[in-house]
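K.L.:
So the chains spell out like this:
There are 2 protein chains.
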Amino acid sequence: MDLPIQSVELDIPKPNLNDLRSDLDRFKEALHDAGYPADIKLPYEVLETFSNVLREQNWSCTTVIRNNEVTAILPKGTLPLGLAVDVGTTKVAAYLINMDDGSVLTRQGAMNPQVAYGEDVISRIHYANHTSGGAKILQSTLIDTLNRLVEEMCASTGNSPGSVVEAVIAGNTAMHHLVAGLPVKQLGFSPYVPAVNESLEVECARIGLKLASGAKVFLPPNIAGFVGADHVAMLLSTGAAESSKNVIALDIGTNTEISLVTKGQITCCSCASGPAFEGAHIKDGMRAAPGAVERVWIAGEDIRVRTIDDAKPVGICGSGILDAVAELLGAGALDSNGSFRPGHPLVRAVDGKREALLVPAGSSGSGQDITVTRKDINEIQLAKGAIRAGIDVLLEDAGLSADSIDEFIVAGAFGTYLDISSAIKIGMFPSLPLSRFQQVGNAAGAGAVQMLVSKRQREKAASLAVKLNYIELTTNKDFRDIFFRGLLFSIT
Amino acid sequence: MDLPIQSVELDIPKPNLNDLRSDLDRFKEALHDAGYPADIKLPYEVLETFSNVLREQNWSCTTVIRNNEVTAILPKGTLPLGLAVDVGTTKVAAYLINMDDGSVLTRQGAMNPQVAYGEDVISRIHYANHTSGGAKILQSTLIDTLNRLVEEMCASTGNSPGSVVEAVIAGNTAMHHLVAGLPVKQLGFSPYVPAVNESLEVECARIGLKLASGAKVFLPPNIAGFVGADHVAMLLSTGAAESSKNVIALDIGTNTEISLVTKGQITCCSCASGPAFEGAHIKDGMRAAPGAVERVWIAGEDIRVRTIDDAKPVGICGSGILDAVAELLGAGALDSNGSFRPGHPLVRAVDGKREALLVPAGSSGSGQDITVTRKDINEIQLAKGAIRAGIDVLLEDAGLSADSIDEFIVAGAFGTYLDISSAIKIGMFPSLPLSRFQQVGNAAGAGAVQMLVSKRQREKAASLAVKLNYIELTTNKDFRDIFFRGLLFSIT
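Residue numbers (the numbering used here), protein chains in the order written: chain P, 1 to 492; chain B, 1001 to 1492.
Listed next, the in silico EDC-like pairs over lysine to aspartate or glutamate satisfying Cα-Cα at most 16 Å (straight line):
{"no.": "1", "chain 1": "B", "residue 1": "K1136", "chain 2": "P", "residue 2": "E45"}
{"no.": "2", "chain 1": "P", "residue 1": "K41", "chain 2": "P", "residue 2": "E29"}
{"no.": "3", "chain 1": "B", "residue 1": "K1014", "chain 2": "B", "residue 2": "E1029"}
{"no.": "4", "chain 1": "B", "residue 1": "K1041", "chain 2": "P", "residue 2": "E201"}
{"no.": "5", "chain 1": "P", "residue 1": "K283", "chain 2": "P", "residue 2": "D369"}
{"no.": "6", "chain 1": "B", "residue 1": "K1210", "chain 2": "B", "residue 2": "E1152"}
{"no.": "7", "chain 1": "P", "residue 1": "K467", "chain 2": "B", "residue 2": "D1025"}
{"no.": "8", "chain 1": "B", "residue 1": "K1076", "chain 2": "B", "residue 2": "E1056"}
{"no.": "9", "chain 1": "P", "residue 1": "K14", "chain 2": "P", "residue 2": "E56"}
{"no.": "10", "chain 1": "P", "residue 1": "K467", "chain 2": "P", "residue 2": "E242"}
{"no.": "11", "chain 1": "B", "residue 1": "K1263", "chain 2": "B", "residue 2": "E1242"}
{"no.": "12", "chain 1": "P", "residue 1": "K263", "chain 2": "P", "residue 2": "D397"}
{"no.": "13", "chain 1": "P", "residue 1": "K41", "chain 2": "B", "residue 2": "E1201"}
{"no.": "14", "chain 1": "B", "residue 1": "K1210", "chain 2": "B", "residue 2": "E1151"}
{"no.": "15", "chain 1": "P", "residue 1": "K76", "chain 2": "P", "residue 2": "E9"}
{"no.": "16", "chain 1": "B", "residue 1": "K1185", "chain 2": "P", "residue 2": "E56"}
{"no.": "17", "chain 1": "B", "residue 1": "K1312", "chain 2": "B", "residue 2": "D1369"}
{"no.": "18", "chain 1": "B", "residue 1": "K1091", "chain 2": "B", "residue 2": "E1119"}
{"no.": "19", "chain 1": "P", "residue 1": "K136", "chain 2": "B", "residue 2": "E1045"}
{"no.": "20", "chain 1": "B", "residue 1": "K1041", "chain 2": "B", "residue 2": "E1203"}
{"no.": "21", "chain 1": "B", "residue 1": "K1467", "chain 2": "B", "residue 2": "E1198"}
{"no.": "22", "chain 1": "B", "residue 1": "K1263", "chain 2": "B", "residue 2": "E1407"}
{"no.": "23", "chain 1": "B", "residue 1": "K1455", "chain 2": "B", "residue 2": "E1201"}
{"no.": "24", "chain 1": "P", "residue 1": "K41", "chain 2": "B", "residue 2": "E1198"}
{"no.": "25", "chain 1": "B", "residue 1": "K1041", "chain 2": "P", "residue 2": "E198"}
{"no.": "26", "chain 1": "P", "residue 1": "K185", "chain 2": "B", "residue 2": "E1056"}
{"no.": "27", "chain 1": "B", "residue 1": "K1467", "chain 2": "P", "residue 2": "D25"}
{"no.": "28", "chain 1": "P", "residue 1": "K41", "chain 2": "P", "residue 2": "E69"}
{"no.": "29", "chain 1": "P", "residue 1": "K263", "chain 2": "P", "residue 2": "E242"}
{"no.": "30", "chain 1": "P", "residue 1": "K245", "chain 2": "P", "residue 2": "D403"}
The following label-pair restraints were derived from C-beta to C-beta distances:
{"no.": "31", "chain 1": "B", "residue 1": "A1116", "chain 2": "P", "residue 2": "D39", "range": "36 to 42 Å"}
{"no.": "32", "chain 1": "P", "residue 1": "T141", "chain 2": "B", "residue 2": "E1056", "range": "25 to 31 Å"}
{"no.": "33", "chain 1": "P", "residue 1": "S404", "chain 2": "B", "residue 2": "E1056", "range": "45 to 51 Å"}
{"no.": "34", "chain 1": "P", "residue 1": "K76", "chain 2": "B", "residue 2": "A1116", "range": "40 to 46 Å"}
{"no.": "35", "chain 1": "P", "residue 1": "Q6", "chain 2": "B", "residue 2": "A1116", "range": "44 to 50 Å"}
Source of the hints: derived by calculation from the structure; they are not laboratory data.
As the structure is a prediction and not an experimental result, all values here were calculated from the model.
Just so you know, even glycine gets a beta-carbon here, dropped at the ideal spot from N, CA and C.
Go ahead and model the full structure; you've got the sequences and the hints to work with.
P.N.:
Here is the structure:
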């Protein structure tokens, strides 16, 4: 363990008429007696209250020290806690950590409330730039949610938010800037540069996060406007960054960030894969909730589905639509352009538009047919085309063929549930032996937890961020061709 | 000059599709090219806006650097300014400084608006401790006044508050804590210890001071609950602290702080001299404004007065009441207890109470008699008794007699106007040759200006504060006797 904080129990001599030292002087001397440097600092957030806190605690306290600063003065015997957060564009995952041994006390998820102001980062940046105080609104609505998650996690484990002394928040660059209160205007215009790439430490109080008075939040470094700290966290926690093999590591979301690790070099890019895999822009799409079709099998004319929690089907989530497309392709119901083949037994026409029926009204929980339309296929084509193009550009840049990939790491909530064979069937991933694929879940969150409890992991993140080469796809001369090729279903 | 800030003109390469570095990276590299360290920091207040600022200024700017931090990014060619403030319990004095050469551009004074919440520090601490949000109210009302002074001084010199990049605020310990937002509760209870004695640097934005985005305010060190940074500033600017002679230096105000310098040692104390010298608690008292009696001469039965601006007399200010008491004593109208002598030609009885008539109704601007009452004499006795007792305790502690004082420095607004012979006549000051006295005006303000433009002066203040011995008069065994002796007019 190389925790970024230490804690020490102190008993401080009270002031009296024969000992008129200032509160700060007597506090520092007690710390010095306990073996800490004489020049230790109390940041403003702690100074604002510490005289009252020392008296309320009758001059007996657990003092939390971080580098050369006091970040919290807690009642004696308090267990210092930490908060790790992965802020996704759509979802937020929070972890409450025991800062004595680094263990996870509890975890909790929530929707990112910024969704109300735009479903992707571009529309949120637009909101921030075109609404007076927009960035502040986006910041505070998210921070409110984090404060609520902290309160709930603390309540459920019998702790107080005031004993949370350190935080790490990982997110994409836009989330990072909005959380930290950094300018986002320049993220909304070409050439889409971040205000800040390097890692930051910000006082929690400044961004409205209600933890211990002097608690700091560590924000890991970004790579580019569309490759953020969450990708760094993912590369860190999966070990991909340190692999000596050829590794592709990607985090599928509204934006999909992809890294290729080869010969000690890491190159990354970001592709706008859209929200189809989160169920958005799909006619019967829904997020992964009970009743969502998550698996589809076709044998002949027989279509079978599995839903989350085995509830009556009410819609299709990301992994379900991916399966559906793969199976329709395999059954010959779709051609390589993504058009439904007229006359195929699985294809019907409604109002002159072709579609496939997954669940008839009679079996559905909504009393309505659940279908896959040409437009749905199109959304999936765009998403998979963007992801495959990103992979191919990275491989081409490194002069590698797809089959030289030794490991293929798929992170992200959707990445956990997707069926790899389906992803290969539609050409989203190259056709490699399944054993080379790893589905690692919320690796960004895991990376945030690692950085919360380890200074070494923070340093690794910093050197990793500097080392990463970034390819901007919008200016890549080959991207357009590769993307159009990727739209088709014929590649594998 | 050893200014705490430096400024440099920068032209920064704009981002484009072939140069996707973050704003921070390109900004730092431009600074590095200009000869500054690569690890220079941008504090949160600057990061919050710098991307927009750089673009507004078309990537061409004057950058202000302080230690290893960027504190302002100004339009190219802007002159960086500084703000020095002496916050007295009653009055505020502000100075606008050219941070290129340290010259004073302009100065302006105002009443301390906290007066509305209590006229002395004790009543303000009481207000802070017993009114919800009281300390915040006291802080913000004062900061509002400082912001107004900055705006007015900038407007009158053709500058912008955004180009003020550094500030120094000196005040007594209570003013210091209230300005900085530090806890004051413990200042209101015995043993009256400060939260913080050492010097502080606080981001101006955090305390509501509207200067350049990253501007810092330096708050010089305090000595004790009732000897503050303003006393340190005074000792610094008068050179008293470095004298090899025996020096008394005092700053007369609602509290009077006194230092004795002898053999390289400095010992100080604070006495509650009350607001009589500011015209308060005196029947016809007023502050030093046009029409205030500021000088009094008595020859036989003839009383002559001089008023400020030679306006018709409307009241008596501090120096006037001091003169009046001294002259009444000299004329034999008062005995050594401060009682009016019945039958003396200058003494009359009104409603059975004796008083002296300074200005008859016919000559006054108010159409009313201006008189000195027994109660007024009493207020002066308490004030001068406290000050004299402070001086005597310090001398006794050092084993010195009064006539071994080589220099006697009198600072403060009232200190500038008082007549030294009158002060000696009533026994407020020991009877020394007038040539040993120096009236130095607002020496605390001058010290604040010095610290604003000189790192060395800041360091001197720090070592001075550590070196100062403090005598707490309320627990001094001899103080009570010495104070009662000082109340009488018979000592000299």
